[in-house]
Each structure stands twice: as structure tokens, then as C-alpha cells.
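So you can see what is in the structure, the chains are spelled out below.
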Amino acid sequence: MLNNYIITALRNILKNRLYALINIAGLAIGLAVYVAGTVLVDYERSHDRNFANFDRIYTVSSLFSPSMNIGFRATDGAYSAFVPIMKASISELEYAAQIRRDEFLLSIGEDDFYQNIRFTSPDFMRIFDFNYIHGDATAIDRPDGLMITRSTAMRLFGTIDVLGRSARADHSEELTVTAVVEDLPANTHFNSSLVGTSKFEAVGNVEILKALKGYDADQNWGDLSINNTTFALLPEGRDATWLQAAVSTAYDEHYPEDVKENISGLEVAHLSKANTFLWDTVGLPVLTSISILGILVLVVACVNYTNLAIAQSLGRAREVGLRRTMGANRTQLLTQFLTESLVTATVSMFMALVLLEAVIPAFNQLLGKAVSLNYGELLPWLLSTVVVVGVVSGGYPAFLIARTDPISALRDGAKGGRAGGFLRSAMIGLQFVIAIFMLATVMVMYFQNQRVRETINLFPTSQIYVLERLTTEGVESRAETLRSELLRVPGVANVSFSNQVPFEQSNKTYDVSPVPGDESQKISLNRIRIDHDFLTTYDIPLVAGRDLSRDISLDAPGDDAQTINVVINELAASRLGLGSASEAIGKSFFSLVDEGSDRQHIVVGVMPDQNFLGLHNSVKPFVFYVSENRFYASLRIKTDNMEGTIEGVHTVWDNVVPDFPIQAKFLNETFEGVYTIYRSVNFALSGFAAIALSLALIGLFGLAAFMAEQRTREIGIRRVLGASVPQLVRLLIWQFSKPVVWALAIALPLSYFAAGQYLNVFADRINLPIGIIAVAGIIGIAAAWSVVASHAMWVARANPITALRNE
Amino acid sequence: MLKLHNLSKVYRTDEVETVALDNVNIEIESGEFVAIMGPSGCGKSTLLNIVGMLDSSSSGDYVFMGENVAGYPESKLSNIRKQNIGFIFQSFNLIDELTVEENIELALLYHNIPANVRRERVAKVMDKVGIAHRAKHMPSQLSGGQQQRVAVARAVVGDQAMILADEPTGNLDSAHGQEVMEMLQALNAEGTTIVMVTHSPAHADYARRTINLFDGHVVTENLRAAV
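Going down the list, the sequences are from chains A and B.
Residue 1749 in this note's numbering sits at position 591 of the first sequence, and the numbers go up by one each step.
Residue 89 in this note's numbering sits at position 88 of the second sequence, and the numbers go up by one each step.
None of these hints come from the bench; they were simulated from the model.
Just so it is clear, CB atoms sit at the ideal spot from N, CA and C, and this is done for glycine as well.
Mixed in with the good hints, there may be bad ones.
[To be verified] Simulated DEER-style distance windows between Cβ atoms: (1) A/S1944 - B/E18: 58 to 64 Å; (2) A/R1888 - B/S144: 56 to 62 Å; (3) A/S1944 - B/N223: 53 to 59 Å; (4) A/N1162 - B/A116: 53 to 59 Å; (5) A/A1520 - B/T14: 44 to 50 Å; (6) A/W1892 - B/A162: 28 to 34 Å; (7) B/E18 - A/A1520: 52 to 58 Å; (8) B/D15 - A/V1545: 25 to 31 Å; (9) A/L1531 - B/M139: 53 to 59 Å; (10) B/T14 - A/R1888: 56 to 62 Å; (11) A/W1892 - B/A116: 46 to 52 Å; (12) B/D15 - A/S1944: 43 to 49 Å.
[As the list claims (entries may be wrong)] Only some residues are given here: those of chain A computed to face chain B with a beta carbon under 8 Å: (13) I1182; (14) E1252; (15) S1406; (16) T1407; (17) R1871; (18) I1875; (19) L1879; (20) A1881; (21) A1903; (22) P1958.
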């Protein structure tokens, strides 16, 4: 019997190829998206499980005071000075470590490599275990110890048998390879594509940074960058609550008071949260969104299946009638049609998996992930998904078909009648809700991303070539030579040194006040150290005052001078209470430095509010002044013969700084680099949404077909009585209108909420999400209506005689 | 009223060409009551559909009220149709979701007639066919005879000059069938032209003239003395 059902099901699929294709393809896409979403989310959530201490590893993150205005809720590390204090004050806490990432030139024999290294304390190697090829967990117990991964060893040395080999960092300190480990899998937060950090390649002892850069980790209460994570290994038998309490106590007792003003507290979180930390801290639940979208897409696909199945079942009324006449009872028919939907679901799932197998390698390649379908593990879940999808989407049509009595089925063909009216309206409503919700969300995302992308146009990014590492010891002294040599390259219009370039995600702030020493009027300014050519190089206009000049000594009085001329932006002027741009000229404000030197800043120029940091940041109050300590050289390149110019720049660098290979890129590459992480998330979210939307529209078409089919006779009668085609189209569309209003009432607030969640991530937000959502509503309805109308037109045009023929 | 001249209708599919009507010449005067008879598949319904402008001919002329409508576009035909022609079907073809009243009103809905005038005319025609007491009922609550009376009311509510009836008694028992025939006869007496397709010789007798079709040809035309 079951055999007969399956054979009928397969023959039916073959008989109605187009219908089956739409149906199976729709369901397959829905399943593929759902499975991909689930597997992806599971993959992201299951990072770091390869570490033996996974259950006991926690991160200690700093909560920013709202007054910091950073746009992040927290960062995933504490100040490095706190780590030894924390260990000392929590006696049970055996291991705690902090990472600091930095890049150095490693010289190995004749070869030079820029290498990213994670500097940390020896505890790190006790918290995390690695697969040692050579060496062991004591590798960085010595200050010059260096642990590298297998692929890093191959890249640097061409072999993995490199224990004891040395590499000189920045031509000064000698590092010794003390361990080689297997590469970490892609699914650790160290290598995650969600975090946007450098890959895990090398680990060194933080002590060496003191020698290399004068960086003293134990004294650092000032530098806190994201991805400089603090880890703690929970003692056996203790839980997170205990650790939180202990860390909070240590914070209360040992954090300096002035640091507490910026960091309002510390929060411990399990290692499993580390992978999505960046997104959690900006408030965008990426993984939850992907889960929800995956489920929505599947729901849309199921509703599609239901609609199309009902529509198609009308054509099979005769078969049903015959089967009933031959003695089939309701249960048997129900079983038959459920079998059919289960067969369809199975075929769809099979296609979905084939599709995924084809797509996943490219996806992994593109985003640096290692997602895979592990069938052994997934099989029970895949099977139950098939059963649920088959029963849920095929259940109602099966019930509807089985219910028809044989005589009317044979005579009139099955007419759903009024009984299913509510359910069908609900289905239309659901389709519209999802369609409009998706469209609105995607549109808001699109416009917000356009807004983000627009910040690239603030500066002539494609004409600015940025050289790095000018503060490296040995390079710094040659900076002015470099400048004059570079200016002799014909295509170089300007050369400007600064400690930060646009789009570099770094908030270097310090506190100032309009009144010397008055803490109550304190505001925090973002400080950019520049030279006299910065504003010209970057085409930054002034709304009042003048640019900084080499001819005026107070414009560059040296870092110890008590008075300095500065350029600020309009926001800084108003925050400082200096009034409008022109009013601010000539007014002063003072730094509030620990040493008590109230340096006077005299405003000589005011620039408009530009989003210097770009991306999700808001416009910040900025001060620009001339100073040394400038890491970057920005070159304004003339547009003709750019290739030749770049070649010239490289030649100059190689002549002036032969000991350090050039590190340079165009500013738009910097922008794209930071933007990539947004792109991949947006790509996933909007891809899912677009699929759901198109499925919803296909589903609406099916539903429209079904409803028009149901009313064929009525349409025929109306035609005979003189109704015109437009009148009939209107009638059919009208049928969709009530559920549409309901759908709007649900979808619009939902979209508004979702858009708000998404926009929260960005400080510089698009205006009027309501307007966009309203437009999305209109477009959604218009698209849906045109789908319905195109079908209605076709039905309405059909010859009424066919509709009314009763033989 | 109307005149068909050398009218043919050919149905083509990829393989077969079926001639449904072959050079038919018919003239129907205003106020006539004509029955069209013939075996199944002889072209009766095709003829009725063409006369009713629901279908178009393959060749030949169709002059309706002095106007050659052959080759007119659908929108124009639709306009002529709704002004002049009412339809009655074997299976009544009432809309299940509308009441008796609303079903009848439907025929006026597409005529740009104000609502109060529509209601008046619907009430009047319901009285005439004796269905007024069922005005608020759904078609499914009525007997076949009653349903066909509603259909007749719908066909004439717009003051149509001609009624086309496609086996109006085919689904009715003899008593109800007779009732409907008498109603048509009464309408004819008031001046409405009636063209009816029927299988029943007894009901064909109500007509003044019977046209017999066979394989798409008109074989005989019998004129009957007034009953």
C-alpha cells in the first residue's frame, strides 16, 4: 500500500513537472537556507571547544561608562595592569593572561617578514592547550621565547623543524623559536571571521615589548583595545558567579578612581561568547538574527508548499473521487497525500543538501570558515526536519482533499469552500507579514550601509597613499629625509605625517576643559597628531580661521610647550562652549593631565564636523595639532600616471629605509578592510532576507492562482453579466486586501523594532526609518498586488464559456 | 434583431480541425421565440455562444441590431452584450456566496445604475418571477426551480431585449421545467426575443420556430403556428 502511495507521489511529481519544480525548488531553497543557517549558527556557537579547558576559560571585559561615548558597550579585555592585581587578590585564581597584538619586522637570515604576534604572559599557555609539534607549554616562560604555528614556520623558515632558530624583531631584539604547534582550527575565536582580527600565527612573551617598544604591561592603565582579550582560568569547583563576584571585588578595591570614571565595571563571560563578542557589544545579535531569518525562510517555503499543494489538488479531484468510490477511506487518503508531501520534502531536502555541498566550500573560502555538514551528527535532526516540514506543509491540503465527498469530487471538482477561508486569509497575511518585514529590514540595512559607505567620499581616498611604521625606531630619524625625497617624485602632490588616518578604528582621547583645572567642565576630545600639510592633503575645508602654518611658531611649539595653536571641529567648539565656529577662533581650552600641566590650546581654525572614524561611529569632537610621534605618512597622489608614481614612492622608500620593507596602501583599501566585516554580516542577513522575499512572492502567486481557480465560475458569470477585465482584477485583488491590512499592522511595527535594533549599531544613523518602512510596505503591497493582478488578468481574460461549461 | 450570414466556426488544435458551425445562415426577428435543437455535438451551444457574443466566429457576418459585430474587440462586444442580452444556463450559475437579491443585482452592477434604482428594479423583477419571499436566501437554500427563476430574473432585470437560454430546463424536473417555460413564454409575450437551446421536443414546442442543427449545418427550420 505504502509502495503504491510512493509510486503515485513520484508519478505525480513527474506528471506536473513545472508545478513540482516550483514546489520542490522552493522547498529545497527554504530547507537549504534553514539548514545552512542552523549549521552556521551552530558552527559559530561551538567555537573553541577544541581547548581542553573550554568549560573553565572565561574572559574579563571592561564596561564603558556611558560618558565615554564610544559606541561599544564593552571591550573584551581589562587594562593589562589589572591582570597581576587580579591574580594576587583572588588567591584561588591560578592563571590569568592578557593578549596584546602587535606587528614586527622579523628578520630571518636575509629575509624580512612583517609578522603579527600575540604577546602575552606564560599563563596563557597553561590556560590554552595546543598540539605541540616541537616544544611545550613552557615555550614563552623565557622573555625571548616565540611559539609559532606550523604554517607560520613554513612561511618564515620553509620547514617546521625550527626549534631554537632565531628571528630578529625590528632589527633589535632577538626572538628564539621555542615551540611549533599545529595550526588552530578555523572555529576558534582566535581565527574567527566574525571578529575581524589577525589569524593566530605566533605567540611571544609580553616582556619583550618592554625592550622593543617601551611598553610596560604591568603599568598600563591607559590602553584598551578590542581583541586585546583578558582570560582567566576558573578554579576547579567554582562557577561563573563566584568569579564575577571576585573580579568585581578586585575592581572595587584596586581600580584607580580616575580609571573607574571611564570603566564602570568588569564583566566575566564564558569563552563561548568570545566569538560573537564584537557583535554583542555593539548590540547586534547576528547569530540570533540568522537563526530567525532561517526559520522565517523555511516558514515561507512551507506556506508556499501548502498553497501550491492546495491549488494543485483541485486538479486531482477526480482521482480522489475515484479512489473514494473504489472504497478508500479518509484515513487512507490522508495517508496518501501526507506520503506525497513527505516524499516531496525528502526530495527537497536531498536537493538542499546537494546545493549546500556545492555552496559551502566557496562560502568557507570566501569568509575563512570551516563549516561542514557532519551527516552522522545531523541525521536525526535532518530527518525530523523532513518529517515536520512534510506534515506541517502537507497536512492541511491532505485534510482538505480527504474530506471531500466522492460524488461532489467527481462532479464539480473539489472546491475548498468557505471552511478554509480563515486559514487561507491567515496564510496570505503571514506571507505579507514576512514579505514586508523582510523588505523593510533589507531596505533599512541597505540605506544605512549606503550611509556608512558614503563616509568613504569624505576624503579623496583613492588618491591618498598611506605609508606605515614611521615611528619605528631607526625609521623615525629619517622621516624628514623621506618627506623631502618623496616630494621630489613627480606625481606626489603632498606628504603629511599623522598618528592616525581616517577610518582607522581608534579612539585616542584626552580630557580638556575650557577653564584651567576645572574638572566639572571636563570633556573628552579625540586627538589627532598631524603636521602642517594634513588639511591640504586630505582636502579638509575650514569653516572659520586658518590652517596651521610653518611660519608661526605657536603652530608647532614642540611637545613640551605650554601653549599651542590647534584646529578643532565644530562639535568640539560647541561641546567646549566656545560658541559658533567663528566665535571660537582665538578662544582657549586647557588639558587636564595627570602631571598637572594645564597646556593651553588656542583655537586658530575650525573644520566642519566630518566623520573621521567612519563606519558605525558618530561624529566625535576632534582636536588636530602639530606634534611628533606620527606613525603614518599620507601621500596625495596626482591622478595621472599613478602607477609610475607609486613605483617612484617605493624606490624612494627602499633608498631611504632599506632595512624595513615598505608597508603601504591606498586609503580606500583601509576603508574596505574595516568595512569587510560589515559586508559579510550584511551579506548573510540581506541574502537570507532576499531569498525569503522572493519565496514569499512565489507563494503569493501560488495563492493567487489558487483563489482565482476557486472563483473561476464566479468570474465567468460576472464576465457574462458584463464585468470588464479591470473590474474583475480589482475584485480579485480586493480579496487580498483585508489580510494585507492585518499584515501591515503586524509587519510595520515589527520592522520598526528590527530596524531599530540594527540601527543601534551605528552612531551615524539614517533618518526616517519610518519613511523607509512605509515605502517598503507600499512596495511590498504593490509587488504582491502586481503578482496577484497579473494572474487575475489572465484568469479574467479567459473565455467565460469554459468556466461555465458544466459537462 | 439579428442575422447570421455564412457564419462558420472552426476549432483548431495541433492535429485536428473540428468544424463546429459550417456556413450557417439564420435570421431572428425581434420578438421571436426560437428553439435550437439537435443531437449532442451538433454545434448548438457554439451557436448560442456566438449569438451571445461570448465567442467569436471564424468567418462570416453577424449583424446584431443593424450592426455587423463580427470582428469587434471583446470590450465592445461586452458592452453590447450587457445592454441587450440576458443569459440563462442549465446549471443556473448563481454565485454561491451572494443572496438571491444580490445575485440578481449583479446584472445591474456593471451598468452604472444608482443603488436605489437597482434595488427598485430588483424588487420588481423578483415579484414578477415569484421569488420575492426568498430574497435574503442563499442559492444553496433554494430548489432547482427556484434557482432557475432567480437566473431568469437576473437575465431580464436589465431590460434586455434578448434572452439566450442554454437548456434552461435540463436540470429541472418536469413540473419546474414547465414553470420556467411558462415564464419564458410570458416574457416573450411582453416582447423579449428568446433563443433557447433544448433537447426536449415538448419544451421546443413553446417556441414559434425550431431550428434543427446537425454537424454544424442548419437542416430544417420549422415554423409553428402560434400556440
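To see whether the hints hold, each was checked on the structure:
Under the hint 58 to 64 Å, the C-beta atoms of A/S1944 and B/E18, about 38 Å apart, miss the expected range. At roughly 34 Å, the beta carbons of A/R1888 and B/S144 sit outside the given window of 56 to 62 Å. Between A/S1944 and B/N223, the C-beta spacing of about 55 Å keeps the proposed range 53 to 59 Å intact. As the Cβ distance of A/N1162 to B/A116 is approximately 57 Å, the hint placing it in 53 to 59 Å holds.
In this structure the supplied range 44 to 50 Å holds for A/A1520 paired with B/T14, their Cβ-Cβ distance being about 48 Å. Evaluation of the 28 to 34 Å hint for A/W1892 and B/A162 yields a pass: the beta carbon distance comes to about 32 Å. A C-beta distance of roughly 55 Å is found between B/E18 and A/A1520, which places it inside the suggested range of 52 to 58 Å. As the Cβ distance of B/D15 to A/V1545 is approximately 44 Å, the hint placing it in 25 to 31 Å is violated.
Range check, A/L1531 to B/M139: about 56 Å between beta-carbon atoms, so the 53 to 59 Å window is met. Evaluation of the 56 to 62 Å hint for B/T14 and A/R1888 yields a failure: the beta carbon distance comes to about 34 Å. The supplied range of 46 to 52 Å is broken by A/W1892 and B/A116, whose beta-carbon atoms lie about 18 Å from each other. At roughly 33 Å, the beta-carbon separation of B/D15 and A/S1944 lies outside the given 43 to 49 Å, and the hint is violated.
A least Cβ separation of about 29 Å between A/I1182 and chain B goes past the 8 Å threshold, and the interface hint is therefore violated. A distance limit of 8 Å between C-beta atoms decides the matter here; for A/E1252 the minimum to chain B is near 78 Å, and the interface restraint is violated. Hint status for A/S1406 relative to chain B: violated, with the closest Cβ pair at about 69 Å, above 8 Å. Here the hint on A/T1407 is broken, as its CB sits about 74 Å from the closest CB of chain B, past 8 Å.
Interface restraint check: A/R1871 against chain B, minimum CB-CB distance 7 Å, threshold 8 Å, status holds. For A/I1875, the suggested interface contact is upheld, since its CB lies about 5 Å from the closest CB of chain B, less than 8 Å. A distance limit of 8 Å between C-beta atoms decides the matter here; for A/L1879 the minimum to chain B is near 5 Å, and the interface restraint holds. With its C-beta approaching chain B no nearer than about 5 Å, A/A1881 sits inside the 8 Å limit, and its interface hint holds.
A least Cβ separation of about 26 Å between A/A1903 and chain B goes past the 8 Å threshold, and the interface hint is therefore violated. Look at A/P1958: its Cβ gets to within about 6 Å of chain B, closer than 8 Å, so that hint holds up.
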